[in-house]
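*Asks:* Please put together the full structure from these sequences, using the hints given.
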Amino acid sequence: MIDDFSSKWDDRRNELTEQLTQMHAMGQSIADGFESVDSEPARALTETPPS
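Using numbering that gives the first Met the number 0, you'd call the opening residue of the sequence shown number 0 and step up by one each time.
In case anyone wonders, no lab produced these hints; they're calculated from the structure.
Incorrect hints may appear among the rest.
Cβ-Cβ distance ranges computed for the label pairs, FRET-style [to be verified]:
1. A24 / E46: 47 to 57 Å
2. S6 / E46: 56 to 66 Å
3. K7 / I29: 28 to 38 Å
4. D3 / A41: 36 to 46 Å
5. H23 / T45: 39 to 49 Å
6. S5 / T45: 50 to 60 Å
Every residue, glycine too, gets a C-beta built ideally from N, C-alpha and C.
*Replies:* Written out as structure tokens, the structure is:
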């Protein structure tokens with residue numbers, strides 16, 4: 000019984016680790032997207048226009 004629990008917990012922990020890794024990657028992509036979208040207007044507002 001304990002071996003069964005241990006084996007199932009190891010499997011579930013591996014699944015959770017994979018899911019958390021995927022969530023991290025998705026969160027990083029979202030953050031990168033926001034940074035990109037935000038940096039464009041910021042640059043436009045702070046750059047000196049060509050004369």
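*Asks:* All hints are to be evaluated individually against the structure, with a verdict given for each.
*Replies:* Right, here's what the structure says about each hint:
no.: 1; hint: A24 / E46: 47 to 57 Å; verdict: violated, 32 Å
no.: 2; hint: S6 / E46: 56 to 66 Å; verdict: holds, 60 Å
no.: 3; hint: K7 / I29: 28 to 38 Å; verdict: holds, 33 Å
no.: 4; hint: D3 / A41: 36 to 46 Å; verdict: violated, 56 Å
no.: 5; hint: H23 / T45: 39 to 49 Å; verdict: violated, 31 Å
no.: 6; hint: S5 / T45: 50 to 60 Å; verdict: holds, 58 Å
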